[in-house]
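Need the complex rebuilt from these two chains, each delivered in its own frame; the hints are there to steer you.
Those sequence lines, one after another, are chains A and B.
So the first sequence is numbered by this note's numbering: it starts at 1 and just counts up by one.
So the second sequence is numbered by this note's numbering: it starts at 1 and just counts up by one.
Take every hint as true, because none was put in to throw you off.
Covered stretches of chain A (chain B as the covering partner; in silico rule of three or more C-beta atoms under 8 Å from a C-beta of chain B): (1) 19 to 26; (2) 65 to 71; (3) 108 to 121; (4) 125 to 132; (5) 143 to 149.
Using C-beta positions, here's what the derived DEER-type ranges look like: (6) Gly150/A with Ile181/B: 16 to 26 Å; (7) Glu111/A with Glu163/B: 27 to 37 Å; (8) Glu163/B with Ala110/A: 27 to 37 Å; (9) Gly150/A with Pro99/B: 20 to 30 Å.
Residues of chain B clear of chain A, computed beta-carbon distances all greater than 12 Å: (10) Thr62; (11) Glu75; (12) Leu80; (13) Ser88; (14) Phe93; (15) Tyr134; (16) Gly142; (17) Ser144; (18) Gly155; (19) Asn156; (20) Trp159; (21) Glu163; (22) Phe165; (23) Ile192; (24) Arg194.
If you're looking for bench data, these hints aren't it; they were derived computationally from the structure.
Note that CB positions come from ideal geometry on N, CA and C, so glycine has one too.
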Amino acid sequence: MNKGLAKRITLTLALLATPLILGLLLTYQVIHVDWISFMEVQPSFRPMEDPLPLPPRSVPIEGVAYVPGAGSPSDPIQPDSASLERGKVLYAIHCEMCHGGKGTGSGSIAEDLVRQPADLTGINVTSLSDGEIFMVLTNGVQPGSGRKGGMPSLRENLSVGDRWDVVNYIRNFPKP
Amino acid sequence: MKLKSTHFFTLLLLSLLAGACTSPPNKTLDLNLPAYKSSQVPSLSLAGIPIYYPARCAVYATDLIGAWVSAKAPEKEVFLFTDINGKSCQGTFEWDVLPLFTTANLWYVGALSCRTCHGPDVQVSYARLDLSAYQGILAGSGRSSSEAKGDDILGNSDWEKSELFAVLDKGEMPPNRPADINPRGPIIYAGISR
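Looking at chain B on its own, in the form it has when it is part of the complex (with noise of 0.2 Å):
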């Protein structure tokens, strides 16, 4: 038998196909992770999504929160604001306003709520500034301690001149805002009409 060339690129060939079939060493690392399964979310929930009720005012966030101020910042009376088709509304501060600083996802797509930062523990809070409730709104920004008055955020009832309507109006606020959201916020359909 005479070995011609072709004969031994063949078997080559075969030696190393048969030594890549076989499996190579297993060198998964050992962890010592605990088992674990991934949760299987059931669906998507809608209970969220805002309902429309044409009762309800359209408006711009900002100058709805401007309208609440502008009236002195009422707790519980009801205020009046114009919504962005001039019908004639009426809202108020724990319906209407409050969700605004406790809601999530709502100033841009994925922001945080502003309670999320500016919570009710002023000293860990950013700003010492507690957006969470109504006394801590008014008790304003700068605060040494929970029972302590800090810098006024609502322009002395001048909203214009506030310096919540500064931090809204120039984008810092939500943080990382996107340049392409209007700074008067989202429309939110909030109040009734009158």
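Bound conformation, chain A alone (with noise of 0.2 Å):
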């Protein structure tokens, strides 16, 4: 082979696998950089920050949660085994940090509220019907200004499905 040829195609070759080195460094994060982030410069909202407002006119697509000015909401899931099995992992997730496992308001945070987390189990929430127990967990209890203790809305949190499984589950509760 012709000497300068070769000298040429090596030269190719490494001026095409550097770059592709280079690339793969950079896609794999060996080299790191902290490239643009694009979620980041465009309007958002911090975590416990108000949701954004939603546009005019939308739909949920999973219908509306209640009708305004209908009262109560009445449950549309059947607290089947399926229904309580995802309502005790939404549980364990969202509410048993306050509430506790078995429901009776002491989570592993209970102590450091300023009101005791509701006990599930006992009559106030037990005379309560499931439209108002999901009202709870879609706008939470707010108990107006000056007044201690409160809940927050879990509706950024749980799908309105969700919610009526957390409702059929507290419904449910195993007993001791």
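So this is what it looks like as structure tokens:
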């Protein structure tokens, strides 16, 4: 082979391989570069901040959670084993830290709250209808200015179906 | 073969494209959560939508409670009230007044029911007040136990001097009521015309 040609081929391969290796190093973050994150530069809201308002006339993909002025909604999901199992998982994630595994209001952070979380097995909760419990999950309990205690809304955490699953689970707590 | 700058940049571009098209390492977090599939809400439930009956009377919620209080807060007997059209009507506590305390999404869109916070166990209820039943409403607020009576919230049957009227009229209750809501509450269909 011509010595000059071999040199050019070697040079070409080297030039080809260098950016390829560089690209792989960047792709696999061996060389980490903080690229501009477009999620951060666009209008967004931070955790625990109120959600952005919905566009006018938008309709939830799951349908409306409740009809304005129509009173307490009724439970559209049967409390079958599948629903209770889903409710159990969601309860463990979103409720248990305050209300406790047995629902008695003795969760791991309960003592740090200004007001004891509700005993979900007590008469104040068991006497509520399914729809009233659903509304608590949806809108939280905000006792008003100057009053202690309350519960955050879970509508951003739980879809409409998820909330009804939790309602079903709360209604059917395992007996101790 | 002579390597031109255009060749170099073409090769550079191709190489970067090849690198970019390679799948990045999978970095999903293993949270060890059980498998979960969300419930499908079958359809919109319309069971709670009130049905209009011509014989029923349209009245502001607070006016209806006021009429019941002014009639000495009867438990079983009917009480009289006038609806927004001037029609003479009658109602009962159980059918017409109690649902105002035990129905969510009534006083304003998304409102909790009164008994959500003012439940039968006064030891844990807000203001130690039970609005879930007749006896609790009459027993009043600030009760020390389920048997004890507290401070009268019905103004000794003088509605406009009652604590219940005050908190409703000022918009304190139900809490977080939007400012543009009528302080007399929603217009509801209740009772029957006489």
